[in-house]
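Please take these sequences and the hints and turn them into a complete structure.
Taken in order, these protein sequences are the chains called A and B. Take 1 as the starting number for the first sequence in the numbering used here and just add one per residue. Take 1 as the starting number for the second sequence in the numbering used here and just add one per residue.
A hint or two may mislead.
To be verified - Here are the computed lysine-lysine pairs in the DSS-like style, where the Cα-Cα straight-line distance is at most 27 Å:
#, chain 1, residue 1, chain 2, residue 2
1, A, K60, B, K413
2, A, K60, B, K27
3, B, K407, B, K27
4, B, K378, B, K333
5, B, K413, B, K27
6, A, K60, B, K378
Since the hints were derived computationally from the structure, they do not count as laboratory data. Because the structure is a prediction, the values reported are computed rather than measured.
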Amino acid sequence: MEDFYRDYILDHYRNPRNFGHLENPTVSAEELNPLCGDVIRMELRVDGDGIVRDVRFSGKGCAISQASASMLTESAIGMPLEAVARLSKDVVLENVGIGISPTRMKCAMLGLRVLKTAAIGSLAAWPDEE
Amino acid sequence: MIHLRERSAQEIRADFPIFARPTSRGKRLVYLDSAATSQKPQSVIDALDTYYREYNANIHRGVYEIAAHATEAFEAARARVARFINCAPGELVWTRNTTESINLVAYAWGHANVHAGDTILLTELEHHSNLVPWQLLAQRTGATVRFIPIDERGMLVLDGIDRLLEGCKILSIAHVGNTLGTIQPLDTIIPRARAAGALVVVDGAQAAPHLPVDVAALDCDFYAFSAHKMLGPTGIGALYGRRSLLESMPPFLSGGDMIRTVAYDRTTFNEPPWKFEAGTSNIADAIAFGSAIDYLADVGLGWIREHEKRITRYALERLMTLAAHGLVVYGPKNPNHTGGVLSFNLGDVHAHDVASILDTEGVCVRAGHHCTMPLMEKMGWHSTARASFYLYNTEEDVDALALALEKAARIFKL
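Written out as structure tokens, the structure reads:
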């Protein structure tokens with residue numbers, strides 16, 4: 001677990017990318033991690049071709065949830081909304097690049113769950129439970 | 001309480017088999033989460049094992065030898081737990097835990113006695129288990145829930161208490177707060193609540209394991225606590241109730257064992273405490289709770305209290321040396337006013353990250369909102385890490401905590 005806290009993770013935690021809000025998001029969602037009370041909000045701007053042009057996330061949480069969400073926004077920009085709706089947990093695991101302990105998997109997957117909820121239009125399953 | 005001999009925490013630790021096992025990383029287990037649940041001594045584990053191996057039988061009905069043995073052990077455990085908090089066995093109801101004890105009062109007494117317009121008074125630092133049952137009772141009856149406020153240190157502000165108590169039907173209050181460990185001034189509050197005519201319910205989950213408790217001296221109406229936080233098993237708790245109240249109030253759950261006679265169209269109920277113990281009880285765990293009480297009484301609650309004060313004082317000193325890394329301790333910071341609980345944060349590191357790094361060193365702490373979300377919101381804390389101490393913790397445990405926190409500070413470059 002200590003290996004998880006690498007420099008690029010801490011960088012995304014302390015300098016989150018695409019953090020904040022969009023003027024008029026096309027879709028958005030907000031969700032709570034029941035384990036710790038952390039909240040993440042995702043706002044997406046989707047153009048007429050169904051491509052995600054911009055993403056902003058907001059909220060407060062641990063390094064794992066914040067860094068995962070920050071990296072995920074970078075992955076999602078430029079993707080078709082349909083593909084965002086079908087994203088699996090692998091995208092998060094590839095982004096963070098190292099193992100996450102089972103007890104912290106929910107933290108890592110919170111951003112993905114919120115992003116997928118926004119894309120699907122209804123509550124997505126926890127990606128680690130699919 | 002018979003004080004056989006003074007023992008060291010190191011000797012006590014040897015009675016708990018879990019401490020003989022290293023963690024998966026080969027570290028010494030440093031257990032600092034006893035406010036969540038305590039570890040169990042061999043004698044408690046043996047009590048469970050012996051019951052199941054030697055005299056497992058249902059109680060209060062069998063005429064054969066092992067059934068009589070089980071009934072006797074079950075009721076003897078009740079008597080020991082009752083003596084431990086200075087009440088009569090007939091005033092001690094078995095429940096699953098503190099939460100169920102509080103729910104029993106909220107449903108059985110509350111349903112019969114609370115009406116629209118009544119006030120239920122709590123404090124701003126209650127655990128969800130002493131908040132949600134009262135919110136639901138208020139919703140069912142049209143009553144209002146009010147709160148005794150706390151100041152920035154987490155101490156109750158008692159200036160306006162007499163006004164808050166005017167027309168108050170129930171005061172329900174934690175004896176010791178679970179997030180900050182504050183020992184509440186029940187000696188001051190309970191007489192005023194009783195003078196105002198309020199029913200007094202005390203959530204003793206964090207007090208009964210750590211302080212000598214005397215419900216007669218406290219003069220409360222109900223006192224709720226759990227075995228698993230005081231060396232006993234999970235799934236068994238207790239509720240002290242003033243005898244006259246237990247007799248006059250309606251039952252909570254109903255079914256077998258709580259009845260005297262049943263006809264197709266009517267039922268008469270058993271006398272307290274059995275009137276509140278519907279269905280087959282948690283026999284094994286109740287008996288093992290009795291063994292936990294024996295262990296605590298042997299060590300002595302006075303010794304435990306003084307030991308926790310010593311450890312908490314030492315921990316405060318050790319953690320102060322980490323202030324340069326951004327370590328902040330919340331709450332009163334005076335071991336005379338708190339149980340052995342320290343809530344803290346390390347710089348901008350989220351409490352869950354702190355707890356994950358401490359875990360790599362075998363150090364177990366709680367992280368999050370500690371089931372006190374309204375308190376966290378009021379104080380402006382997103383989450384905190386919490387270390388809590390008990391009779392088996394040593395200065396070595398505190399040193400391990402401090403070293404693991406230094407590691408977290410290093411990883412997060414604080």
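Do the hints match the structure? See the list:
The suggested pairing of K60/A with K413/B holds, with an alpha-carbon distance near 20 Å, which does not exceed 27 Å. With a C-alpha separation of about 32 Å, the suggested pairing of K60/A with K27/B is violated against the 27 Å cut-off. A threshold of 27 Å between alpha carbons decides the hint, and for K407/B with K27/B the separation of about 15 Å falls inside it, so the pair holds. With a C-alpha separation of about 19 Å, the suggested pair K378/B and K333/B falls inside the 27 Å cut-off, and the hint holds.
Restraint check for K413/B and K27/B: satisfied, since their Cα atoms lie roughly 24 Å apart, inside the 27 Å limit. With a CA separation close to 17 Å, the supplied pair K60/A and K378/B stays within the 27 Å bound.
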